[in-house]
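These protein sequence lines are chains A and B, in that order.
Residue numbers for the first sequence follow this note's numbering, beginning at 5 and rising by one.
Residue numbers for the second sequence follow this note's numbering, beginning at 5 and rising by one.
It is worth saying that the hints were derived from the structure and are not from the lab.
Some hints could be false.
Note: identical chains are not told apart, hence a pair may lie in one copy or across any two.
Calculated lysine to aspartate or glutamate pairs in the DMTMM-like style (CA-CA distance at most 20 Å, straight line) [unchecked claim]:
no.: 1; residue 1: K197; residue 2: E255
no.: 2; residue 1: K11; residue 2: E164
no.: 3; residue 1: K261; residue 2: E359
no.: 4; residue 1: K355; residue 2: E252
no.: 5; residue 1: K267; residue 2: D369
no.: 6; residue 1: K417; residue 2: D15
no.: 7; residue 1: K138; residue 2: E19
no.: 8; residue 1: K261; residue 2: D369
no.: 9; residue 1: K267; residue 2: E231
no.: 10; residue 1: K422; residue 2: E329
no.: 11; residue 1: K422; residue 2: D75
Protein chains: 2
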Amino acid sequence: MTIEMAKGVRDFAPEDKIIREKLITTLTSIFQRYGYSPLETPSIERLDTLTAKFAAGIESDAAKEIFKLSDQGNRELGLRFDLTVPFSRFVASNPNLKMPFKRYEIGRVFRDGPIKLGRYREFWQCDVDVTGVKSVKAEAELILLALDAFRELNLDAYIEVNNRKLLYGIMDNYDIAHEAREGIIIAFDKLKKQGLAAVQKELAEKNYCEYTIGSMSDVFTMEGTTEQLFEKLEPLCTSDLGREGLSELKELFSYLKFVQSGKVRLNIGLARGLSYYTGTVFEGFLVESKVTSSICGGGRYDNMIGMFASNNRDYPAVGISFGLEPITDALRLSHPVEQKTVTELYLIPIKTFTESLAIAKALRDAGLCVDIDLMERGISKNLDYANSNKIPFVGFIGDSELAEQKIKIKNMKTGSEKLATLDEVYAIVRNEL
Amino acid sequence: MTIEMAKGVRDFAPEDKIIREKLITTLTSIFQRYGYSPLETPSIERLDTLTAKFAAGIESDAAKEIFKLSDQGNRELGLRFDLTVPFSRFVASNPNLKMPFKRYEIGRVFRDGPIKLGRYREFWQCDVDVTGVKSVKAEAELILLALDAFRELNLDAYIEVNNRKLLYGIMDNYDIAHEAREGIIIAFDKLKKQGLAAVQKELAEKNYCEYTIGSMSDVFTMEGTTEQLFEKLEPLCTSDLGREGLSELKELFSYLKFVQSGKVRLNIGLARGLSYYTGTVFEGFLVESKVTSSICGGGRYDNMIGMFASNNRDYPAVGISFGLEPITDALRLSHPVEQKTVTELYLIPIKTFTESLAIAKALRDAGLCVDIDLMERGISKNLDYANSNKIPFVGFIGDSELAEQKIKIKNMKTGSEKLATLDEVYAIVRNEL
């Protein structure tokens with residue numbers, strides 16, 4: 005019988021899943037502190053809901069990557085490829101939601117794409133979105149939320165910020181044709197990864213003129229402090245759109261004044277390739293880490309949800325998506341100790357199983373993660389088991405320990421042993437861990 | 005554009021998802037205290053892996069309910085319909101796992117079946133399994149785990165226990181043909197729901213003889229205390245299998261001696277319709293609740309994992325599955341207060357947004373779930389928002405509050421207001437909630 009898996013999907017064995025669960029628990033607690041509530045939408049949607057996003061000409065490559073299926077009634081269905089479409093569908097179909105509606109969703113998404121390193125057909129997304137707020141106060145909140153999340157994870161991170169209106173406004177200034185703009189943004193989105201020469205080469209190959217490539221290269225590589233950049237940008241913002249973008253950015257930075265310097269940076273070169281962004285865009289990175297890809301990203305998308313709604317209402321929205329894969333990689337780098345099991349204490353009964361089970365229960369009731377030998381193995385086999393599972397403490401319970409109402413507890417790292425009462429066992433495990 | 009959902013799938017709006025998240029958090033913490041670690045397997049498996057379970061003639065009706073899909077390489081895939089098959093596939097494909105391997109998995113499964121009340125095409129399962137243990141010590145552990153989980157959830161529950169070997173052994177005693185046995189078990193599995201007359205009618209229609217129906221009715225309706233039942237069963241266990249089943253049951257109950265009386269009950273009528281069970285079976289119910297269906301169930305299945313393995317190894321296994329739907333229903337009945345958002349405190353800045361944002365951050369850092377008006381709405385609209393979202397506390401921050409470094413906090417239930425420092429605000433929210 006086959007034990008092969010589907011291509012591009014993964015098992016997460018306990019040593020991997022434990023670290024991911026911790027990450028999700030931490031993120032969830034921060035989201036909730038910011039007043040974002042959990043929402044769950046189904047993995048299966050109607051195919052026309054999933055393709056609605058593409059009907060507007062958005063990301064049509066991705067439409068090919070939808071896993072299609074049908075039910076017994078021969079309805080055309082698909083697996084969701086992101087969490088934004090189900091969120092938009094949910095908001096649009098619940099017109100009585102109180103605004104602003106703030107939710108997070110952490111769940112699996114599916115893409116039948118080519119399998120490359122770090123690209124999977126089934127993977128998790130972790131999105132936090134607010135809809136109903138036109139003001140960049142929403143952006144300020146999500147940026148603070150992201151910084152708090154990374155602080156809580158002990159990761160040194162910063163957020164780069166830009167604004168789509170500002171970029172389009174600057175293009176107004178240089179009289180760049182509207183149909184050329186998305187291509188420029190998509191090309192410059194690769195600036196950080198591929199360098200300026202590669203971006204310029206791509207634009208030249210796509211027949212962009214020298215003037216466009218030159219002026220846009222100047223804009224997208226503009227450097228300086230936020231204040232310096234604001235000054236340099238002022239004369240380039242000659243259109244209404246440009247002025248609006250610049251003023252939104254200035255307002256956003258004004259709300260973030262109390263944030264530690266360097267944590268939020270204006271980067272005119274930040275494009276983010278998704279054309280549904282309508283204003284602020286942002287992306288998070290780690291300071292001096294082997295993980296150089298972005299660890300979160302998002303922005304304002306004021307037109308997406310309305311596409312699903314029949315009530316002609318405006319649904320301004322801002323969202324941020326956390327990259328669980330790169331963040332997990334970063335956590336692994338900073339916490340290289342691997343936990344193969346949640347167990348903190350492994351009890352080895354020596355012909356005392358029934359009594360030891362009651363002792364295990366008492367320690368479990370106190371909150372310790374306790375395992376107990378269920379196989380009546382000898383001591384050395386049991387120690388092997390604890391060792392190979394990297395369980396930090398082992399406790400022996402024989403008749404003499406029972407008589408004294410104590411456990412002989414062994415620290416598997418230091419090798420030290422102690423005869424201890426249950427209260428002492430609890431304290432040892434909690435304090436020495 | 006469509007906003008219809010697929011048939012048989014659901015959104016969980018925050019008011020539903022919050023209660024489900026709490027349930028899962030509680031269950032997870034109990035599983036971990038028992039030394040069970042998290043495992044994640046993919047939603048998508050190869051179709052032949054999913055149908056392997058049916059190849060052995062098991063539950064062949066369910067095979068029709070697999071959602072089928074294919075990837076770009078035209079591989080035949082399907083969505084998992086339970087968590088036992090992926091678990092078995094995982095264990096079989098990782099021959100170096102240390103035994104016993106104890107894991108839990110909480111995740112979505114998919115069945116393209118008819119939609120009835122309480123039947124969905126996408127739903128969650130929550131499974132805890134241990135493999136590698138032949139002894140009923142494993143069953144004892146899982147039964148204790150279940151009782152602890154329900155205690156932690158403040159639900160008054162008990163577990164019914166039976167043994168398949170015992171049932172088959174009793175059938176040996178009555179010389180009931182082997183091919184007739186599974187049908188009898190499946191029929192009597194409906195005893196609790198449909199009553200004895202309906203079960204007898206079904207068996208008669210399926211041409212079971214009067215002697216079989218009569219003797220089996222006597223057996224499956226046997227009542228008494230565990231000790232009384234053991235005595236009644238003794239003379240019926242004339243075959244090796246019967247004696248083995250009875251002795252396993254006696255051993256299991258001996259490990260559970262310290263459990264409060266009535267919490268674990270022997271029920272000879274408990275059959276559980278799944279034919280892959282090989283020994284102990286058990287099912288949990290609530291005491292005096294409107295939720296009368298079982299809230300958890302499981303048993304020993306010693307032959308399933310081996311089907312997936314090529315190494316001819318034995319993989320004895322015991323598992324328990326928690327019914328998230330009936331447990332959520334029960335929690336709703338016992339905690340009728342509905343939370344529409346996680347927010348504990350909603351801050352209303354009165355022309356003090358930037359300063360209030362810093363105050364919100366301080367309270368969030370302290371651990372409160374704080375929301376803040378992002379829309380510059382008037383006080384009455386903001387109070388409406390807090391009210392309709394059932395947020396328990398509101399805080400006003402105007403210039404005078406800022407000058408005093410205080411917040412005017414209002415208890416939305418009692419209407420009482422107080423000017424309070426941040427420390428006091430924290431205490432009020434935590435203590436009055």
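The hints, checked one at a time:
no., hint, verdict
1, K197 / E255, "neither (29 Å within a copy, 64 Å between copies)"
2, K11 / E164, "neither (35 Å within a copy, 42 Å between copies)"
3, K261 / E359, "between (61 Å within a copy, 10 Å between copies)"
4, K355 / E252, "between (72 Å within a copy, 18 Å between copies)"
5, K267 / D369, "between (43 Å within a copy, 17 Å between copies)"
6, K417 / D15, "neither (29 Å within a copy, 47 Å between copies)"
7, K138 / E19, "neither (43 Å within a copy, 25 Å between copies)"
8, K261 / D369, "between (47 Å within a copy, 18 Å between copies)"
9, K267 / E231, "within (15 Å within a copy, 69 Å between copies)"
10, K422 / E329, "neither (41 Å within a copy, 46 Å between copies)"
11, K422 / D75, "neither (61 Å within a copy, 57 Å between copies)"
When the structure is compared with the earlier hints, violations turn up for hints 1, 2, 6, 7, 10, 11 and for no others.
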